[in-house]
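Trainee: So the protein sequences, as listed, match chains A, B and C. With numbering that gives the first Met the number 0 as the guide, the letters of the first sequence map in order to residues 0 to 178. With numbering that gives the first Met the number 0 as the guide, the letters of the second sequence map in order to residues 0 to 187. With numbering that gives the first Met the number 0 as the guide, the letters of the third sequence map in order to residues 0 to 415.
For the record, the hints were derived by calculation from the structure and aren't laboratory data. Please note: incorrect hints may appear among the correct ones.
Label pairs and their calculated CB-CB ranges [unchecked claim]: (1) C:274 <-> B:70: 52 to 60 Å; (2) C:344 <-> B:162: 43 to 51 Å; (3) A:31 <-> B:161: 44 to 52 Å; (4) B:74 <-> C:39: 48 to 56 Å; (5) B:11 <-> C:274: 35 to 43 Å; (6) C:306 <-> A:34: 49 to 57 Å; (7) C:198 <-> B:162: 44 to 52 Å; (8) C:344 <-> B:170: 29 to 37 Å; (9) C:147 <-> A:21: 38 to 46 Å; (10) B:137 <-> C:330: 52 to 60 Å; (11) C:48 <-> B:21: 42 to 50 Å.
For clarity, every value in this text was computed on a predicted model and none was experimentally measured. Glycine included, each C-beta is placed from N, C-alpha and C at the ideal position.
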Amino acid sequence: MAVELTTTRLEDAAKWAKQSKLERATNWGRKFSLFTYPFVTACCGMEFMSVAGPKYDLARFGAEFPRFSPRQSDLLMIVGTITEKQGPALKRVFDQMAEPKWVIAFGVCASTGGFYQNYHSMPGADQVIPVDVYIPGCPPRPEQVLDALILLMDRIQNGRGHSQLRMKREQLIASATEE
Amino acid sequence: MAQKVLDALEAKFAHAVVRTGSAHGDEIAWIKRENLVEVARWLRDDAAMSFDYPVFCTCIDWLDWKPIGLPPEQHWSEDKPRFTVCYQLRSLTHRHRIRLEIEAPEHDARVPSLSELWPAFNWQERETFDMYGIRFDGHPDLRRIYLYEEFVGYPLRKDYPKEKRQPLVRRDDLPINPIKRAGHEEKR
Amino acid sequence: MADSTLKQLVLGRKDVQDLSDTETELPPDLMTVNMGPSHPAMHGTVRIVLTVDGERIVKGDVQPGYLHRCFEKESEHATYTQVFPYTDRLNYVSPMINNCGWAMAIEKLMGLTDRIPKRVEYIRVIVSEMSRMTDHLSCVGASAMELGAFTAFLYFLKSREWLYELLEKVSGARLTHSYVRVGGVSKDLPADFDADLTLCLDKIEGVMVEVEGLLNNNKIFRDRMAGIGAMTKEQAIATGCVGPIARACGVDYDVRRDHPYSAYPEVEFDVPLGTTGDCYDRYLVRVEELKQSIRILRQCLKQIPDGPTMVDDHRVGLPPKRDTYNTIESMIRHFKHIMDGIRVPPGESYTFVEGGNGELGFFVVADGTGRPYKAYCRSPSFVHLSTASQLIHNHLIADVVPIFGMINMIGGECDK
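Assemble the whole structure, with the sequences as input and the hints as a guide.
Mentor: Rendered as structure tokens:
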């Protein structure tokens, strides 16, 4: 039985987007306790250090402690240029993370490749993994990074991150095929 | 400033030195391929020379060499060697430096390796091999260093297009997935 | 009694006396462990394939290249001024030094080295030394953090923020400045730069006193750093090491003093030397170089003259805006500069400066057009990384962390 999960009817979309109280509470907890995995490659790493530093403090958003293992983290921050050689490593790290997981492409090299257009730079990390929030800038100012983090937190609260939508879709398919 | 180095080199190795020159404060000596190792060993071990410090090793590809302001005989043509491998050496005790340039044609792009004399040239020769395809005879471990093993071609040669990517992995649901298309060509 | 039952469980139900001689020791199989390209201590991206015997490293195969962003190929397709952003991202903790090196390389090819105005030389030295300070603060801070000294990291990051704010006032960007141009600098220093920099240096000196008090005689820090990764003077020279690493081994070589360029002949500074070449000496050399940089900066602030910020040569430098908007010749000159680039006469030369890590050189081949024919960057991090495999030999896996930290392998510079 084919399950129609795209719709042009507003009421269906509103029904699927409606979150229960439990979901709202879970998402509230998730957004304020992000464990980051900083996949640092290049110059944006310096700005990431500044963002985590004492002046532009990442700790006040709950995203303080970087977990240096993908199995223990839920926010993958791709900081810096991704090259073709690094692609398989990035994919592996992303696959090792448990759902729900979010991805921030930090910097313009991770978003679209930046001004590197050559035989080794990947034109954006989203060639390999799906990205939730893109932060432009070379490197982005720390205030921009915090703005992006708040944007991501709003998305998490509304359940609109890619991984949360995927989970919801699978849940709906499972409940629809049960009937 | 190191003209006496060039003079001593020419006096001792007249059969090996093709020509010498000086430009912008650097002394350059063009050496024949076959005599490179003995010339380099003398430069390192002789007390008056004592070039103990290796600076860099790289290669110049002359394929597109059409300099403005110079006559056409100085442009590159098919009969001239395509690659020139450059080794820069410096002496910390005498404060002079020299650049050795060795010409290599395209069909036989091989140059003897200097990695036993100066260990720093080990990785630098690997990098030159990776980027230009010059093989170094006598190198203990000549394999690619910057690029991955599956990469085909030598990217810094002038005939390799800058944006020709050879991706290893791509998302399955991308609209343009170059790995799935034949020939690994990417259209952007 | 309980002791022997425990042994029985562990040794597979055999009593200790029944084991043969070979069985009492753990089997010495070598194991391959990967410290992969995404690793917090790998400062950027380097992969080491370690072959370990228990915890001791037998062989380490260091594989760089995960950040190869094709500096040479990109600069062959960009004009000389467009290469400045690419040079920023080479050693991205001390970007001004790379900018200065590239500008000096092109000026040497054009024969402009003696005609650069004095003020430009002093400005270049000031921003280079500030960049050198950010380099050493980041390196020492990050290494200390990886050994567990998080407080030192935060203090040094605080000082680095003050420097970043000042560099932002000068150039417009915190990290990748692209401030220097061929023939001069892009704009003059801001109005109250003197007072700002003096205040900043005073504060940084205070922070350094605190951090030295935390780290210098700290038993944990010394135990983890002293005696680790030692290198002899001859090894350092033969493997091409420069900068703080070579100076920690006793090699008395500093480009600023031995082949002086820019305004360095007019300032006084000492070059710190170490003795044993281990990680602790490298740390001490870097901290001492921070103090010497502060000394150079104070002298430059006193000695800097007034003057133009670009050499007066029609081949380089954009015409003043007043002329560009009012005369057709200046507008054409402006247009040709931006679109075609600076015409550099054919030739090849190697120019080197003292980067944060040592001798950073640019080997440029020019062919008369506005784009370089070849632009090779001799990066000190690449050379230092090639010594890493012999440095980590016979150490524990945990020693890889201080060795890598003190080599200060910057990914952008190593992989170009």
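Trainee: All hints, please: hold or fail.
Mentor: So, going through the hints one by one against the coordinates:
1. C:274 <-> B:70: 52 to 60 Å: 57 Å, holds
2. C:344 <-> B:162: 43 to 51 Å: 30 Å, violated
3. A:31 <-> B:161: 44 to 52 Å: The hinted range 44 to 52 Å holds for residue 31 of chain A and residue 161 of chain B, with Cβ atoms some 45 Å apart.
4. B:74 <-> C:39: 48 to 56 Å: 51 Å, holds
5. B:11 <-> C:274: 35 to 43 Å: The hinted range 35 to 43 Å holds for residue 11 of chain B and residue 274 of chain C, with Cβ atoms some 38 Å apart.
6. C:306 <-> A:34: 49 to 57 Å: Holds, since residue 306 of chain C and residue 34 of chain A (Cβ atoms, about 54 Å apart) stay within the stated range.
7. C:198 <-> B:162: 44 to 52 Å: Taking Cβ atoms as reference, residue 198 of chain C and residue 162 of chain B lie about 48 Å apart, which means the hint holds.
8. C:344 <-> B:170: 29 to 37 Å: 48 Å, violated
9. C:147 <-> A:21: 38 to 46 Å: 40 Å, holds
10. B:137 <-> C:330: 52 to 60 Å: Between residue 137 of chain B and residue 330 of chain C, where Cβ atoms are some 58 Å apart, the hint holds.
11. C:48 <-> B:21: 42 to 50 Å: The hinted range 42 to 50 Å holds for residue 48 of chain C and residue 21 of chain B, with Cβ atoms some 45 Å apart.
Checked against the numbered hints listed earlier, the structure breaks hints 2, 8; every other hint is satisfied.
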